[in-house]
Amino acid sequence: MFDFLRDAGINIILALPLIGAYALFALGIVVIYRASRVLNLAHGAIATLPAYVAYSLAPRIGPLPAVIAAVISGGAFGVIVERFVVRRLRAVSQTAQTVGTVAVFGLTVAFMGKVWGTSLLPGVEVVPHRAFRVGHALIFSDDFALVAVAALAAGGFFALFRLTNLGLAMRLAADNRRAAALMGIDPERTTSAAWLLGGLFAGLGGILLAGATGLHPYILPLQMLPAFVAALLGGLDSAAGAVGGALVVGLAVGIVPSLGTFGRQVGAPQLVLTLLAFLIMRLRGGKLQASDVRAGLA
Amino acid sequence: MNQALRRPSPVLGIATRFAAITPRTRRSLLVFIALGLAVAWPWILPIPLPIVGDAIRASEYGLVAVSLVLLTGWVGQISLAQASFVGVGAFMTALIFRKFGVGFPYSLPLAVASSAGLAVLLGLVALRVRGLYLAVATLIFAWMADQFLFSATWFVGLGGSASLPTNVIGRDGGFPSFDLHDPRIFYVVALSGLALGIYCASNLRDSKTGRAFFAVRGSEIAAASLGMDVTRYKLLAFGISGAVAGLAGHLQIVGDGSAVPDEFNFLRSLFFLSIAVVGGLNSLPGVVVAGALFAGLDEVFFRVPALNGFIDLVSGVLLLGVLLVYPSGIAGIGATARRHGASVARLFLRWKGRPGDGQGEAPQRSLTAVHGDDAGALAVQTSLLDIAESPAIVRPADRMERAEVLTAEHITVRFGGLVAVDDVSLTVREGEIVGLIGPNGAGKTTLFNAISGLNDPTSGKVHIFGQDATGMSVHERARLGVGRTFQLIQLFPQLNVFDNLLAATHLSNSTGFLQHIVVTERSLAAERACREHVMEIIDRLKLGDVAHRTVSGLPFGVLRTVELARALVTGAPFVMLDEPASGLDNAETEKLAELLLTLRADLGVTLLLIEHDVAMVTGVTDYMYVVNRGRLLAEGTPQEIQRNEAVIAAYLGQPSVVEVTA
Amino acid sequence: MNDATHPDEDARPQLRRRPAPPIGTAWAAWTAAALVILIAGLSTFTLGRQQVAAPTAGNQARSVTVGGTDNGTDAGSNGAANGADASSQSGGAQNPAVSGGGGGSQAVAAGGKSLKCAAGQNGGSTDTGVSGNEIKLASTVVKHGIGTSFLGDVEFGMLAVKNQANRSGGICGRQLNLTLVDDGWDPTTGQGYLRSFIQDGYFALAVVPSSEGLHKSIAGGDIDRAGIPVVGTDGMIIDQYTDPWVWPVSTSTNSLMHIIAKNAYARGARTFAIVYDQQYRFGVEGNAAFQGAVQRLGGQLNSDCDYPIVAGQNSYSNDVQTFNTKCDGVDFVALLLEPDTAKQWVKDGGYLGTSGKAVGVSGPQTLFTHDFGTGFAQNCPSPCNTHFWVWTSFNPPIPPFDTNPAVSGYVSDMGHTNSSADYENQFVEGGYDGMELLVKALQAVGPNLTRANLKATLDNISFDSGLSSPEQFRAGKHFANVSAQAFSLLVSNGNFDGFRYEQTGFVADPWVGQDAVSEQ
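Residue numbers (the numbering used here), protein chains in the order written: chain R, 955 to 1252; chain B, 67 to 728; chain H, 29 to 548.
These are computed hints drawn from the structure, not numbers from a lab. Glycine included, C-beta positions come from ideal geometry on N, C-alpha and C. Where hints are given, some of them may not hold.
What the hints assert, rightly or not - Label-pair ranges, simulated between beta-carbon atoms:
(1) 1084(R) to 371(B): 22 to 32 angstroms
(2) 1136(R) to 524(B): 24 to 34 angstroms
(3) 1113(R) to 708(B): 52 to 62 angstroms
(4) 1106(R) to 536(H): 56 to 66 angstroms
(5) 485(B) to 1034(R): 44 to 54 angstroms
(6) 183(B) to 542(H): 38 to 48 angstroms
(7) 1189(R) to 175(B): 36 to 46 angstroms
(8) 475(B) to 1215(R): 31 to 41 angstroms
(9) 251(B) to 162(H): 25 to 35 angstroms
(10) 372(B) to 1136(R): 46 to 56 angstroms
(11) 1110(R) to 406(B): 26 to 36 angstroms
(12) 218(B) to 536(H): 31 to 41 angstroms
Stated by the list, open to error - Computed list of lysine to aspartate or glutamate pairs in EDC-like fashion (alpha-carbon distance at most 20 angstroms, straight line):
(13) 527(B) to 470(B)
(14) 354(H) to 961(R)
(15) 354(H) to 1129(R)
(16) 354(H) to 334(H)
(17) 505(H) to 543(H)
Said to hold, decoys possible - Derived list of chain B stretches under chain H, where covered just means 3 residues or more per stretch with a C-beta under 8 angstroms from a C-beta of chain H:
(18) 317-328
(19) 372-379
So that you can see chain R by itself, here it is in the shape it has in the complex (with noise of 0.2 angstroms):
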C-alpha cells in the first residue's frame, strides 16, 4: 500500500512537466474566453512566436532582455490579432471567428517554419539548468519553473476577476457588451487587455516551454491541443478549472500508459481523457434555458 501511494506519488511529480505546460497554455486560453467569447485557436501559435522572437535576439542583447522583449512581443501579438482579424469578424459570426484564429494558427506556423527551419532548435534559458533525481527519473529547474509560473498566472487571474474592476469590466463585456457599454465600460479595451493578458502568458509559458524542450514550428503549437482538454475540463471558464483541468490531462499522459496492456495501447490516454471530456460536458449541459435566448433581430 505504501509502495503503491509512493509510486503514486513519484508519478505525480514525475508528470509536472506536462502539467505546467499545458496549464500556463490553458490558463491563456481561458483568460482569452472568458473576457471576450472568443476560443483562441491560435493560442499554440501566439506561445511559440515570443520563443522565436527570444532565440533570435539573445544573441544580441542577451538572454534577460530578450526575453522580456519577447514576452512583450507576445502580449502585442495577441493584441494584434484581435485588433485584426476576431474585432473584424465579430459582426460576422462567432464562427467566422473561431476560424479567423485557425488562419492566424497556420499562417503564422507557416510563417516560423520558412524563417527559422523545422529543425529542433534550442531554447533560450531563463532559468539555471539543474536536474533532480526522483524515483528512478530526472525532473528539471525549467520544469518547476514551468509550474511555479502556471501557478503564479492562476493565481493572477483568479484575482483579476474575482478582485479587480478590470475584471470585472471584462466578465461583463464578455456577457454583453451592449450593456457593459451603457455603464461606461469600453468593451472593446477589456477585450484588448484580455488578449494582452493572454498573448503575454502565452508568450512567457512558450518560452519557458522552448527551453525545457527545445524550439519546433509544429511540436511546440500543436501542445496547445491537449492544453485545449485541459481548458474544457476546467469549465473554459475558469482559472482554477484550467489547472484542474491541466493536472488531469497531465496525469493522464503521464500515468495511463503505465496501467498494464491498455494502457500501452497507442492512444490510450487520449482516449480516457476524451470520455472524461465527453461525460462532463453531457453532465454539465442541461435542457434549453430560458438564459439560451438570444438577443435577436430586435
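Given the structure of chain R, go ahead and fit chains B and H onto it with the hints provided.
Okay, now just chains B and H, sitting in the frame of chain R:
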C-alpha cells in the same frame, strides 16, 4: 420600336428564344448541358491526365466541403473533426475488404454508416453544449481520433497504412468493364459521388428538414416552440454530415488505392474548414468551386517551380483574406456577379429595343447569401397600421363553464436563494384572452418560461389541455398545441419571411428526412399543402409584400407581425405572447389589440399574454392576473383589477400593500 | 390535391408567386459550365500536352540482358563491372558512358537497327520519358514542414551526381533531366505528385526522399501498375524492399535492428531492452525485427522492457520512471527513436544500458546526425560515460573513411553543389549513393533505354560505389544493402566531439527479410 420591320440578329434571336422557354425547363437544360460537359470533357479535349486527377481531388474536396456546409453552415454546429470522419470512411472501406473480401462499391453502405455513426456519437456530446464548447468538443474528438483510432492496428491495419487492391468493375476485358485506375473513369465515379452529395443536400435544404436545420441554428428556443425536436435534428445533421464525409473517404481510398493516418489529422480538418469558408459557408455551389480552387492551387504549385513549397503560406493568406475582406466567400462573389450579370443583361436587352425579360428579377430568395441584400426595391413598407379589420369585441359567456386550456398550480421557481415565483396559480380557459401583468421584476417572464417549459419549476404542476405537462420539454408542449412569441424577436435570420412561416408548419408535416432527400411524391404534396396554408396566413396578415425578404432589415413592427403570424401558422389553439406590444407606438398598439381580438373571433385561438401596457391589456383581455415580487397579487376581470387597491398601490409604489387573493 | 391541414376550406387563394424551384441548380449549372470551360481552356492553351498512353505490355518486348550474358551471374555484365570499378576509383565521378557503360553489347533496338552509345545514334525515343538527348527523371523532396530537418538537404546529394553525369556528356548522349518538387512530406500531396510524374511521362523516379508519399503510392499500387522504376531509395521501410519496381540503396530498419542485436550479443549482452516510436512505421517494423533477432540469439527481452513511447512529447519522465524501474540492470538498450524524441528521452534520464560491460545503447541511422550528437552531449548526465553507438549503412565522411576516394569524391561534389548542405547527414549521403546506382544502371543499359531493360539490369546488378558495402540486386531480392557499421558519440564536458569509428566493419544481417511486419 417597330418589331415587325426589324429583322432580329441571329444571336439575339437565339437569346430571346432561349428566354422564352419556361425557367424550369431552361434550368434543366442548363444543368443537363453542364453535367454532360462536366463528365465528357476529359475525353473530348486533350486534357493531360494530371488535370483529371486534380478534378478527382476537387470532387473529393467538394464533397467534404458539402458535408461542412450542412453541419456548420446550415445548422451552425462548428466541426473541427471533419477529416476524422473522412478517415473513418476510408479505413472502414479497407477493413471491410480485409475482413470480408467485399470491395467497391458494395462496401460503400457500411463504410458510410460507420462514419455517420461516429458522427452521431460526437453529436450526442454536442447536444449538451452550445457554441464554442462544441468547437472544443470536436477538437478533442479529432485529437482522440488522431492519437487513438488511427493508430490502432486493428483498425488501420498493420504496416501503418491501409490499401485496396486493383479495382475493376465488371469482367476484365469483357464488356462492360471499367478500370477504375483510369483517371477519366474514376473521375466519373468521383463526380457522381459529388453530385449525389449535392443532390441530397440540396433536396434537404428546401424541405421541412432543411428548414428545421436553419431554425435550430437561428434560435433553438423558437425552434422548440414550433415543435421541432432540437436534439433529433442536431443528431440528424451530424449523422448526415458524417455520412457525406465518409462517402468522400470511401471514394478517396478507392481512387488512391491506399490511405495513411497522417492524411486525416487535425490539420487536415482545418484545411477542409478553410475550403468551406472560402466557398462561403452556406452555399453548396460556392464550396464546390472552392474545392476546385484548392485542388487547382495544388497543381499550380506543382507546375510553377518558384511557388513550390509555399502552399501553406498561400492558403493561410487566402483563408485570412477571405475572412477579413470578403466573408461571404466565393458564394458572395457569385451572387454579386449574378446580380450584375442580370442587370447587364437587362440593359443590353433594353438597348437592343427589346423589353426586359418578362419574368424580371424576382426579388432574390436569399437563402444562400449571408450578406446579400435584395435585388429591387420594395415600395410598400407594411406595418401594423394597415392590418386590422373592423374589430368585433366579443364578450365571453360565463367563464367557469369553458374548458381549461392551461392550468398552472402552485408554481414556485427558486434560483439558488432567490425565489422568483412564489406559489402562483393561474388558469386559462378556452377562447379567453388572459393577461399577466405586474411591475418589473415581478416574475412574469419566469412564470411564463415555467409554463412553456424553458425553466423547470421547483414545485408545482402545469396542465395543458388536460394533460400533465410538468415534465415535458418545450417541443413536447408545442405538440400539445401551445404556440409562443418572444419578447426579443426570435425569428430565424437565415430564412426569409416566407420560410420563417413555412418552418412553423413543422408539426403538420409528417414526412421524414429520408423522404425529403429522395423527394417523394408524398413529401412534395405535403410541401405544397404547407405552402398554401402559409399563403393564407400571409394574406390574412397582409405580409405579402415582405414575404420574400430576409428577416434582417425589416421594420420592427413588421417583425412583430411575422412572429405572431408564425405562431398562428402552427395552428396551435393556445398561443402565449410575451410582451407583444413592446416597442410599438400607441397607434400600433391599438391595432395590435384589435388584431388579437379579431384573431380570437375568427380563428378561435386562446391567448395568454404578458404585457406592461396596462391600458392595452385591460382593453383586450377577459381576465387578468397580477403578480408582484413573485406572488400573485390579484386576479379578476379587467374592471375588477382596475379598482383593486392593492394593484394600484403596487404600481404606484405606496408603502402599505394589502395582498388580496381573488 | 391533399390538404393535410384544413380539410374544410374550399377556396384556395391564388399564390402570388410560385414557390421557387430547387435553389441553386441554375447557379450550379453556370458555375460548372464556367469551370469546365476555364479549365479546358487553360490546359489546352498553356500546357498543351497530348494525352499520355498508359504504359502497356508492349514496351516489354525487348528483354536485352546486360552485357549479353545471362541473368544470375554475379559479375553481371562486363560493362557493369567496368562501370563499377571506374566509379569506385574516380571518387564518384561517372565515366562518360561512351566507353564504360558496356555500350556496345545491347545495341539492338526494336526493328533490328543497330544503336551506339553516342549522341545521334542512340535510337532516340526508346521509351516514355526518353528522347535522343534527354532522360526525364523526377522525384519529390521535402523542403517545408516536418521532416525538413533531416530530409531537406537530400536533393543536393542527388543534384551532385546528376550534374557530374551531365558534365561528362550524359548517358549515351542523353542528358539527365531531374525534376524535383517539394511536397512537404505530406502523403496525399506526395502521392498526387508522383501520379502526375507517372502521367506526365517521366522515365523513372530517382531516390524519392519524401517517403510518405512514396509509401502511399507503393501501397496504392501506383508504381507497379505504371511499371515505373524507382531507383536508389533511402526510406528504410519494408515495402521498398518487397516491391519489384523499387531498388533501395540503404539498409532497411529491419536489417539494422537485426545487426544491432547481433552485435550487442557478440559484445556480451544477454539481457536486452528496446524503446521505440510506436506511431511511426520504422518503430513498429524495427521493434518486430529486434524481438525476432534477440529470440534467435537466445537473449532475453522482457515484455516490460519492450517499451513503446509516443513521439514528440515534451516530457518522458513518467515513462522513464516506469522503464527504469523495470529494466535497470539490463545489458543493452536499443533506442529506436527519431532524434528529437531520443534527445528528450536521454534528457529525462532514460536508462541507457550497462556501459561497464561496454555494451550500452545503440540507435539507428536516423540518429546519425550532428544535431542528435549535440543534444545527447548536452543531456547525458555527467560524467557521461555512456557509449552511445549509432549505426549507418554508409561510409560517412568521418575518419577513417574520409580518405576513401569515393567518400572524398562525395564530399567535394557536395561542396560544388551546395556548400552549406549537411553532407554528414546519412540521408544526404544515401541520396547521393542512390543517384549513383541509377546512373550506373542507366549506363549499363546502354542506348536502348527502356523501363524493362532498366529493370532487368537492376535485377542483375552489382553495385559498389565505395560509399557502402557492395550491393547486389536480384529479381525478387531487393535487400541489397544488408550491412551496417557503428560509430560512437564522443562527449566531453557536455560538448559533442564527433563520431568515432568502432572498428566493427560492415556487419551483415544474418536474417535478411525475416520478422517483416505485413498486412493481414
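Taking the hints in turn, this is what the structure says about them:
1. 1084(R) to 371(B): 22 to 32 angstroms: violated (50 angstroms)
2. 1136(R) to 524(B): 24 to 34 angstroms: holds (33 angstroms)
3. 1113(R) to 708(B): 52 to 62 angstroms: Given a distance of about 55 angstroms, which is inside 52 to 62 angstroms, the answer is holds.
4. 1106(R) to 536(H): 56 to 66 angstroms: holds (58 angstroms)
5. 485(B) to 1034(R): 44 to 54 angstroms: With Cβ atoms ~49 angstroms apart, the hint holds.
6. 183(B) to 542(H): 38 to 48 angstroms: holds (40 angstroms)
7. 1189(R) to 175(B): 36 to 46 angstroms: Given range 36 to 46 angstroms: holds, Cβ gap about 40 angstroms.
8. 475(B) to 1215(R): 31 to 41 angstroms: About 58 angstroms separates the Cβ atoms of residue 475(B) and residue 1215(R), which means 31 to 41 angstroms is violated.
9. 251(B) to 162(H): 25 to 35 angstroms: holds (32 angstroms)
10. 372(B) to 1136(R): 46 to 56 angstroms: Holds - the Cβ-Cβ distance for residue 372(B) and residue 1136(R), about 55 angstroms, lies within 46 to 56 angstroms.
11. 1110(R) to 406(B): 26 to 36 angstroms: Violated: the Cβ-Cβ distance is about 55 angstroms, outside 26 to 36 angstroms.
12. 218(B) to 536(H): 31 to 41 angstroms: Holds: the Cβ-Cβ distance is about 36 angstroms, inside 31 to 41 angstroms.
13. 527(B) to 470(B): Holds: residue 527(B) and residue 470(B) sit about 14 angstroms apart, inside 20 angstroms.
14. 354(H) to 961(R): With a Cα-Cα distance of about 13 angstroms, the restraint between residue 354(H) and residue 961(R) holds, given a limit of 20 angstroms.
15. 354(H) to 1129(R): Cα-Cα ~53 angstroms, so violated.
16. 354(H) to 334(H): With a Cα-Cα distance of about 11 angstroms, the restraint between residue 354(H) and residue 334(H) holds, given a limit of 20 angstroms.
17. 505(H) to 543(H): The hint holds at about 16 angstroms.
18. 317-328: holds (count 6)
19. 372-379: It holds: at least three residues are needed, and the region 372-379 of chain B offers 5 whose Cβ sits within less than 8 angstroms of chain H.
In this structure, the hints that do not hold are numbers 1, 8, 11, 15, in rising order.
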